[in-house]
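2 protein chains.
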Amino acid sequence: MSDSSLIQLLIRKLENFAELTDEEKHALHEAAGPVRTYGSHEDLIREGEQAGGVAVVLSGFACRHKMLPDGRRQIIGYFLPGDMCDARVFILKKMDHTISTLAPSSVTTLSREAILEITSRYPRLTRAFWWNTLVEEAIGRQWLVSIGQRTALERVAHLFCEIYVRLQSVGLATPESCEFPVTQSELADTVALSTVHVNRTLKELRRVGLVSMSSKSLVIHDFTGLRALAMFDPGYLHLEGEGLLKDRYSHVLLKTL
Amino acid sequence: MSDSSLIQLLIRKLENFAELTDEEKHALHEAAGPVRTYGSHEDLIREGEQAGGVAVVLSGFACRHKMLPDGRRQIIGYFLPGDMCDARVFILKKMDHTISTLAPSSVTTLSREAILEITSRYPRLTRAFWWNTLVEEAIGRQWLVSIGQRTALERVAHLFCEIYVRLQSVGLATPESCEFPVTQSELADTVALSTVHVNRTLKELRRVGLVSMSSKSLVIHDFTGLRALAMFDPGYLHLEGEGLLKDRYSHVLLKTL
DNA sequence: TCGCAAAATTAACATAGGTTAATGTCGCTC
DNA sequence: GAGCGACATTAACCTATGTTAATTTTGCGA
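So the protein sequences, as listed, match chains A and B. 257 is the number that the working numbering gives to position 257 of the first sequence; each next residue is one higher, with no gaps. 215 is the number that the working numbering gives to position 215 of the second sequence; each next residue is one higher, with no gaps.
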């Protein structure tokens, strides 16, 4: 795939909010730099660094995470293909967290200048970026609720629902499975449990026939049950879309949700 | 105070990011609707409703919170005076959480139209809104880290540091105290602990001489110790400012931090 | 100033999830 | 196709925090 076709995933995502003109799409294509590939567990940007631009994950899995001085670590968000790393933090002077790959990934970057240019010239595109930010924030709020209020089982189930639906929304899930190239110990840092307890929890989810996490992927045996257990309500992902995505993907979403 | 002087607190905040022209300030003044006052524990906007505009808290304390279907509740953010409720969610169709007062508060609203007008006409002001959003997000990330990784004691201490510094940055704290009109059970819903354990934790913080939470306010006995315990690094609040606030308030901040 | 209701405090007891420390398994590289 | 390192799994035990249920204190309207 060429670079310009790769950025399509991002455009798809943004069009969930607003239909974009050809000029706007063109501006996005122009903005994209070369594609870089990373291995597993490489840092894209580190805490304290200044973000030079906005990274867009084309394939693979990445995450934001923060560490306390004594080494405790919390993963605070996942980047799935099509996700934009920060139309945001690049405004601030320093990253307050690190972004790293979880699996081998390919990434392109929209330069700072390109973003400034775009946001000053295309108000609708700017609002689409903003919308994207808002959805990410909504996800963050859910994570806070999960970690604060849900039990271990509910928490893991909720995360699995979210990942599955997000991947589905960009066409990267089958009716009963999706990629999930995440280690149990990384999962532990995500849901704020110990590795051992994550293992127990996965065992239980398997035992009751809801999901199983095999090597690098998730097999969803009973999405309805999983959803109920997790009290997962996909509304916060705002995938019903005022834009194009509704027509393009809703059949997939509606089938499952 | 007149409405227009009340909105000053918001302008102060935004100027932390970028100096605003008189025209831009004027636009903000124009955008502000009438001031409404609320009692304790009233809802400003409820989950599921469409936000009509952006609320700005002029005085008092408010919070965002979400409830699970079975009643468990998580408070996901505080609004202190000068804080803007959502230059954000108003873009989306429905609120995914509720905003309520914690204490009697006065609030004004920037209408949807006014915000759209502003964001299409004043790119710098738009970026200032964006910056504000980013700081809020950074706060959210810290909360996630706190709830996920910090112990009860550290968690409460961290929250106290944050509130104190935020209030200080808008001139609403003395060298050793600030308002904190929050109930222990609301605090419990904030830091994801039980009421009983919050009580134990406060007792311990008092015992070791760091802070005490008396009725509706916080008395900081040893900020340095509190900071150390919480591993609080104020950088994420981005108060060093590229804008005006640096000059106006840094003496206060620098003294303590 | 009395009388409540809401909020804080405490004690006794219960448990979800953490810790430590083996052991087992899988996927590589040589 | 043996050997190594990363990852997963399990068991036994431990502790931070939750729960229940009084009891006390506080703030406040009549």
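Calculated directly from the structure, the hints in this document are not laboratory data. For clarity, every value in this text was computed on a predicted model and none was experimentally measured. Don't take each hint at face value.
Copies of the same chain look alike in the list, so a pair counts if it fits in one copy or across any two.
Here are the simulated EDC-like pairs of lysine to aspartate or glutamate, each with C-alpha atoms no more than 16 Å apart in a straight line [to be verified]:
#: 1; residue 1: 216; residue 2: 15
#: 2; residue 1: 94; residue 2: 233
#: 3; residue 1: 216; residue 2: 113
#: 4; residue 1: 66; residue 2: 233
We went through each hint and held it up to the structure:
no.: 1; hint: 216 <-> 15; verdict: neither (29 Å within a copy, 47 Å between copies)
no.: 2; hint: 94 <-> 233; verdict: between (34 Å within a copy, 13 Å between copies)
no.: 3; hint: 216 <-> 113; verdict: neither (37 Å within a copy, 47 Å between copies)
no.: 4; hint: 66 <-> 233; verdict: between (27 Å within a copy, 13 Å between copies)
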